[in-house]
Structures are given as C-alpha cells and as structure tokens.
Amino acid sequence: MTSKIIPAKPIGYRWRSSRLFIVAVISLAMFADTFLFSFIIPILPDILQDRLQKPPSHTQLLTSILLSLNALVSILIAPFTGHLADGSKSKNQWMVISWVTNAVGTAITAWSTTVAVLFIGRLIQTLAGSVIWIVGMAILGDTVGAKHLAKALGLAMLFVSAGLLSGPAVSGSLYQFVSYSMTWASAFTVILVGTVLQLLIVGTFNYDMHVEDSSQEESQIRNQLLSSASHSESTEVATALIADILFAIIIASFETTIPIHIKAVFHWESLQAGLLFLLLQAPSMILVIPAGWLKDRIGMRYPVTIGFLCLAPSLWLLGVPGHAQDVWWTDDEDTNRVIYIATLLAIGVWRTLLLGFGAVEVLHGANELSHEYPGIFGPHGGYSRSFSMSNISWKLGMFVGPLVSGTLTEKMGYYQMNLVLVNFMSTAMNDPQVIALAGGSGDLGHYLQEELIRDPHYSVVILTRQTHPTTPTSNRVTTQTTDYTLPSLLHILRTTHTTALISLLRCPDEDYLPLHTTLLKACQLTDTCTRFIPSEWAGDIESFPTLPRAYGRTRLPFRAILAQQADAQTSDALSHPVQKIEYTLLNHGWCMEYSLPAHQSHRRCMPGEFPIDPVAWRYTVRGTGEEGQSWTCRPFERDYRSKEDIETTIQQYEDQAESLELAIAEAEEWTISGATACPKEKTLRQREEFFAGMHFTTVEELLRKAEVEERV
Numbered sequence: 074m075t076s077k078i079i080p081a082k083p084i085g086y087r088w089r090s091s092r093l094f095i096v097a098v099i100s101l102a103m104f105a106d107t108f109l110f111s112f113i114i115p116i117l118p119d120i121l122q123d124r125l126q127k128p129p130s131h132t133q134l135l136t137s138i139l140l141s142l143n144a145l146v147s148i149l150i151a152p153f154t155g156h157l158a159d160g161s162k163s164k165n166q167w168m169v170i171s172w173v174t175n176a177v178g179t180a181i182t183a184w185s186t187t188v189a190v191l192f193i194g195r196l197i198q199t200l201a202g203s204v205i206w207i208v209g210m211a212i213l214g215d216t217v218g219a220k221h222l223a224k225a226l227g228l229a230m231l232f233v234s235a236g237l238l239s240g241p242a243v244s245g246s247l248y249q250f251v252s253y254s255m256t257w258a259s260a261f262t263v264i265l266v267g268t269v270l271q272l273l274i275v276g277t278f279n280y281d282m283h284v285e286d287s288s289q290e291e292s293q294i295r296n297q298l299l300s301s302a303s304h305s306e307s308t309e310v311a312t313a314l315i316a317d318i319l320f321a322i323i324i325a326s327f328e329t330t331i332p333i334h335i336k337a338v339f340h341w342e343s344l345q346a347g348l349l350f351l352l353l354q355a356p357s358m359i360l361v362i363p364a365g366w367l368k369d370r371i372g373m374r375y376p377v378t379i380g381f382l383c384l385a386p387s388l389w390l391l392g393v394p395g396h397a398q399d400v401w402w403t404d405d406e407d408t409n410r411v412i413y414i415a416t417l418l419a420i421g422v423w424r425t426l427l428l429g430f431g432a433v434e435v436l437h438g439a440n441e442l443s444h445e446y447p448g449i450f451g452p453h454g455g456y457s458r459s460f461s462m463s464n465i466s467w468k469l470g471m472f473v474g475p476l477v478s479g480t481l482t483e484k485m486g487y488y489q490m491n492l493v494l495v496n497f498m499s500t501a502m503n504d505p506q507v508i509a510l511a512g513g514s515g516d517l518g519h520y521l522q523e524e525l526i527r528d529p530h531y532s533v534v535i536l537t538r539q540t541h542p543t544t545p546t547s548n549r550v551t552t553q554t555t556d557y558t559l560p561s562l563l564h565i566l567r568t569t570h571t572t573a574l575i576s577l578l579r580c581p582d583e584d585y586l587p588l589h590t591t592l593l594k595a596c597q598l599t600d601t602c603t604r605f606i607p608s609e610w611a612g613d614i615e616s617f618p619t620l621p622r623a624y625g626r627t628r629l630p631f632r633a634i635l636a637q638q639a640d641a642q643t644s645d646a647l648s649h650p651v652q653k654i655e656y657t658l659l660n661h662g663w664c665m666e667y668s669l670p671a672h673q674s675h676r677r678c679m680p681g682e683f684p685i686d687p688v689a690w691r692y693t694v695r696g697t698g699e700e701g702q703s704w705t706c707r708p709f710e711r712d713y714r715s716k717e718d719i720e721t722t723i724q725q726y727e728d729q730a731e732s733l734e735l736a737i738a739e740a741e742e743w744t745i746s747g748a749t750a751c752p753k754e755k756t757l758r759q760r761e762e763f764f765a766g767m768h769f770t771t772v773e774e775l776l777r778k779a780e781v782e783e784r785v
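Residue numbers for the sequence shown, in this note's numbering: 74 to 785.
Accuracy of the hints is not assured; some may be wrong.
Pairs of lysine to aspartate or glutamate, EDC-like flavour, derived with a Cα cap of 16 angstroms [claimed, not checked]: (1) K653 - D613; (2) K336 - D119; (3) K753 - E615; (4) K755 - E615; (5) K753 - D600; (6) K716 - E754.
Simulated from the structure, these hints should not be mistaken for lab results.
Using the sequences and the hints given, assemble the complete structure.
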C-alpha cells in the first residue's frame with residue numbers, strides 16, 4: 074500500500090460536496106436531458122415542412138425515424154458508457170463533458186438546413202444525453218446510498234417529469250408567440266445553468282487518509298465471484314425490464330402521433346400540442362412522491378399492475394375522438410375535445426404508478442448482489458452498469474415505439490394504432506399463473522401437472538428432493554430441487570414468481586407439522602404466492618376433524634395455524650413483511666385410479682389402504698357390512714373385516730406410529746365411520762359455488778371417450 078499527498082479542500086467544499094447539492098444538480102441534469110429530448114416534438118412538424126421544405130406526407134415518417142434515432146443510439150452506447158463510468162474515479166468529469174457536447178448538438182439541431190444535418194445534431198444530443206442519464210443516476214446512487222435511494226429516485230423522476238412536461242410547453246409557446254431563435258435560446262439557457270452547476274460539484278474525498286491498494290488480486294477474486302454469482306434476482310429484473318419496454322413504447326407513441334393527430338382532427342397547432350403534453354405530465358408533478366412512498370411500502374408489483382390495467386382502456390378511449398363511426402356519443406366535436414383532454418389527464422395519473430419501475434428493480438438486484446458478494450462490481454461500484462441496463466430497456470421501447478406507432482397510424486389510422494397497443498399490452502400482461510407442486514414429481518402431482526398445463530394460463534413448478542429429477546415433457550413445467558428449508562423454498566418461490574403452492578407431500582407424522590409450517594412461512598414471505606393448499610386431500614374434516622387418527626395428530630394442529638394466520642402479526646422476528654395466505658382444505662373424493670392396477674396408475678398406495686384390490690379382483694367389506702359403498706367395476710370377490718377386528722389392530726399397533734398395519738387400520742376406521750364420504754348436499758352446493766360453469770365428466774362420458782380412443 075502507498076499513501077498519497079492529501080490535496081487541499083476547494084472553496085465551498087462543504088456545500089459543494091453535500092448530498093443535497095449533488096442530488097439537486099443531478100436531478101437538474103435529468104430535467105435537462107428530458108427537456109431537450111421533448112423540446113423539439115411540438116415544433117418538429119413545422120421544422121420539417123417550413124424550414125426544411127419537406128412535404129406533409131413525409132412528416133410522420135421523418136418524425137418517427139428522428140425520435141427512434143435517439144433510442145437506437147442510446148441502446149448501442151449504453152453498455153460502453155456504463156462500463157467506462159464504473160471504471161472512472163471521477164464520474165463528474167463525464168457529466169461536464171456531456172453538457173458541453175449537448176450544447177454542440179443542440180446548436181446543430183436548431184440551425185440545421187437539411188434533414189441530414191438535423192439528424193446529425195440529434196445524434197450528438199443523444200450521445201450526450203445517454204451519458205448524462207446513466208452516469209447521473211450512478212452518481213445519485215453513490216451519493217445517497219441504498220437506504221435513501223428510493224427517495225432520491227423519486228425526486229429525480231419528479232425532475233424528469235418536469236422536463237418532459239415543460240419541454241414541449243416552452244417550445245410550443247415561444248415558437249408561436251415569439252420567434253424561432255428565442256425558442257432555442259431557452260434550451261441553451263438550461264444547458265448553461267446545468268453546466269455551471271455541474272462544474273461546482275466536488276466529489277467526496279477522505280481527507281484523513283487516501284490509500285491506493287493493489288487491485289490486480291481483487292480483480293481476480295471479483296471475476297471469480299461474478300462468474301459464480303447467484304442469479305436469484307434475474308427473473309424479477311427481467312420482468313421489470315420487459316414492463317419498462319412496454320411502457321416506453323406507449324409513451325413514445327404519444328410523442329410521435331399526438332402532434333400530428335390533433336392537427337388533423339382538431340386543427341390545433343404547436344401551442345396546443347405543448348399544452349397537451351403539459352397535461353399528460355402534470356399529474357406526475359403532484360403524485361410522484363406519494364406514489365413513490367406507496368411503492369416503498371407495498372412493493373412495485375401491485376401499483377405497476379394497477380397502472381397497466383387502467384392504462385389499457387384509457388388508450389382505447391384516446392383513439393375514439395376522430396373515429397366516430399361506431400361510437401354514437403362522439404358526434405359532437407366539443408365532446409371529442411373533452412374526451413381527448415380528460416383521457417390524457419387520466420393517462421398522466423396512471424403513468425405515475427409506472428415511473429421508474431425498471432430502474433428501481435435493476436438497482437435492487439445490483440444491491441442484493443453486491444451485499445452477497447462484496448466488491449463484485451469493483452472499487453467504484455456498479456451503479457452505472459446497472460442503470461445502463463434500465464436505460465437500454467427504456468430506449469429500446471423508445472426506439473420501437475415511434476416506428477410501430479407511426480407505421481400503424483399511416484397504414485391503419487390513429488384509432489386502430491391505439492387498439493394494437495392495447496392488445497399488445499393485454500397479451501404482455503397475461504402472464505400465466507405459476508403453480509408450485511411440493512412433492513409433485515409423481516402420484517397425484519403427475520395428474521395435476523398434466524391437467525394444469527392444458528390451460529395456457531398456467532405453468533407448473535415441481536418441487537422435489539431428487540437431485541437428478543426427470544426432465545419435464547412440457548416447456549411450461551420446470552423442476553426445482555429443494556431440501557424444503559425456508560431459504561431454499563423462498564429462493565424458488567421468488568425466482569419463479571409462484572402464485573399458488575399445493576402440497577402433495579407424504580411424510581412421517583412427526584415431519585408433517587414442521588414441514589408444512591415452513592411451506593406456509595415461505596408463502597407469507599413472498600410477494601406473489603398468496604394461496605396454499607396443504608396436503609389433506611380427503612375426508613369430511615368438518616364432521617370428523619380427528620379422523621383418521623394420524624390426521625388428528627398432524628393435520629388438525631396445522632388447520633389451527635392456518636386459521637390463526639389471518640389475524641397474525643404483520644412481520645416476523647426479523648421484521649420481514651408477512652402476508653395473509655388464502656388456503657383451501659380440499660377433499661377430491663374417490664378417484665377411479667384406486668381401482669386400477671399399480672402398473673396402470675401414477676398413484677402410490679399402501680397395500681390394503683383402499684377396499685379394492687384390482688390385481689386379485691377382491692374387495693374388502695369393512696365394518697358391519699351396512700355402510701354404504703359404491704364404485705364402478707366388474708364383479709369382485711368379497712372379504713369381510715369387522716369393526717372389532719379393526720379396533721383390535723389399532724390397539725395392537727398404537728405404539729408403532731409408523732407401522733403399515735396401524736396406517737391400514739386407521740384408514741379402515743376412517744372408512745367405516747363415514748368420514749371419507751363427501752356429503753352430497755354440501756358437495757353439490759360447493760360445486761355450484763366454486764366450479765360454476767365447469768363440466769365434470771361422468772363415468773359414461775369417460776367410458777365413451779375411452780372407447781373412441783380405443784383404450785378400452
């Protein structure tokens with residue numbers, strides 16, 4: 074190690090290096106980036122038609138290409154920007170260079186005389202803006218730390234919204250009421266102020282000691298860690314980035330089509346276009362802070378879901394004005410204007426729930442990775458690379474959005490374009506429900522997975538102890554090896570986004586309660602798994618809660634735990650949030666599988682567990698012989714086993730809890746008591762309540778189908 078000479082503190086070091094000042098300057102940089110991006114939107118049609126003398130028929134295409142260029146270039150350079158910035162000790166130098174570069178690009182854009190020069194100017198602006206966005210967000214994360222990151226991002230997004238809001242409003246107003254030169258002078262004013270403030274930032278420095286250590290060994294260790302790093306957060310991050318792409322496509326469609334659409338339908342000019350964008354962004358100015366608080370409190374999943382669900386009908390309604398063929402209440406032009414304005418305002422509210430989703434999830438993933446493997450991102454952190462990922466996803470949507478929306482509007486019309494976006498969003502949001510089957514590799518689990526994946530809305534995760542499980546036959550079935558400890562289960566449920574857990578586990582009596590308590594706790598500690606079906610599967614437990622006797626020792630205590638968790642504490646001993654779990658105690662009745670030989674069934678039964686022996690073609694009449702039993706079969710030979718014989722066996726083996734003889738005798742007692750029966754009236758009532766509209770195959774229908782398929 075070698076020590077370095079400590080430099081003198083610059084003038085104003087205290088306030089120039091303060092958290093508040095740095096956050097304010099970076100937020101202003103975010104404002105400037107979005108301000109300059111959206112600044113040209115309301116005046117672009119006039120620039121193309123009046124200054125560059127392009128025919129109106131080319132306006133939509135050129136607008137789409139120009140706006141898409143910004144996104145495409147950002148996508149290409151984002152990885153390099155993130156890598157270089159994370160390797161730099163002074164990220165602020167990158168910001169200053171970007172401000173100067175942005176000024177050059179803005180000047181070329183403003184006074185371009187050809188389409189080619191206009192595109193070159195926007196290209197330079199894009200290069201600078203991409204660096205400002207990625208490096209600026211990284212500085213923000215480095216400055217405030219993980220504890221205050223959500224609040225800082227909320228403030229930054231407030232400035233981002235302000236930039237998107239004020240850019241079109243300022244340019245549209247100045248262009249209509251003042252002059253073209255004064256319009257662009259406002260943009261240069263923003264750049265000048267931002268550059269000066271950026272130069273004032275002083276990075277934090279340890280004035281007690283500055284030590285330079287050898288980084289070669291650390292780099293080797295870091296690379297080894299990175300190559301073996303856990304990918305437990307990858308699914309959540311990928312989902313967030315996909316949602317960000319979808320959101321960006323929708324936002325980009327507004328920027329591409331609104332100015333041209335309102336000019337054609339309402340005869341509104343650049344001023345009105347700017348005001349409409351102001352209206353679209355205004356709710357974010359008011360709601361972004363409380364929305365951020367809400368997301369911090371309950372997580373991102375539900376606000377984002379609500380945002381997309383509300384956005385879909387609003388997009389359809391936005392396309393209605395100007396397309397009155399099939400909508401009787403849009404004949405009046407004033408009504409159309411009111412609908413359009415009100416819908417944009419509503420969309421502005423919904424978008425507040427979606428802002429920053431991708432960036433927050435990516436950063437959370439990076440933070441968890443760095444906590445698990447300290448130093449994995451190097452001495453200067455990995456925030457720039459993390460933000461470059463969210464920047465790529467956003468810009469990808471901004472690249473695709475103008476091209477898709479512009480092409481669809483030209484070919485099909487504005488209304489149809491909005492419908493396509495609604496359909497695309499609905500399809501993207503229609504993620505299948507993920508059902509985890511604990512112990513689902515065989516037995517009843519085999520049948521459940523076969524039936525579940527018949528419906529495209531479901532995918533299945535098989536939980537098994539097998540270290541080399543059988544490869545699934547469907548791409549909607551995955552197998553996860555687990556030891557059924559809480560960390561193992563949590564990892565699987567979270568990474569697969571499981572929505573319901575079904576236990577099919579057979580285990581010794583002493584293992585049932587701790588095992589199922591762990592399954593329940595794992596569900597409670599996830600954000601997605603809200604339903605649980607424990608391993609019960611048979612019996613009229615309301616009338617006979619303690620039969621069979623093994624159930625009284627195992628299932629009965631767990632039923633009490635399930636009932637109590639509705640009023641349980643809101644967090645566990647480690648302050649993890651705990652959610653209420655919906656549960657079902659399911660009795661599926663008798664399966665026809667019970668009367669099949671073992672080699673024709675996936676069911677695993679204890680010999681003598683059920684009255685029918687399909688191999689010897691015998692059935693056992695248990696009890697007095699008066700108990701009602703019914704099944705469909707060919708004639709069987711009968712054996713008799715009295716109630717007294719059953720009770721004698723139970724007494725003989727009651728000290729051997731895991732003996733086969735006791736298990737069979739308890740099952741026999743269970744049968745003759747009537748506890749295995751499904752009460753007819755209750756069954757029919759619950760069938761109507763929970764399975765209305767579902768057709769249950771009758772025995773006759775099953776036999777006819779088997780005959781047609783030549784399986785009889």
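For each hint, the structure was consulted:
{"no.": "1", "hint": "K653 - D613", "result": "violated, 25 angstroms"}
{"no.": "2", "hint": "K336 - D119", "result": "holds, 12 angstroms"}
{"no.": "3", "hint": "K753 - E615", "result": "holds, 14 angstroms"}
{"no.": "4", "hint": "K755 - E615", "result": "holds, 11 angstroms"}
{"no.": "5", "hint": "K753 - D600", "result": "violated, 38 angstroms"}
{"no.": "6", "hint": "K716 - E754", "result": "violated, 28 angstroms"}
The structure does not agree with the numbered hints 1, 5 and 6 stated previously, though it agrees with the rest.
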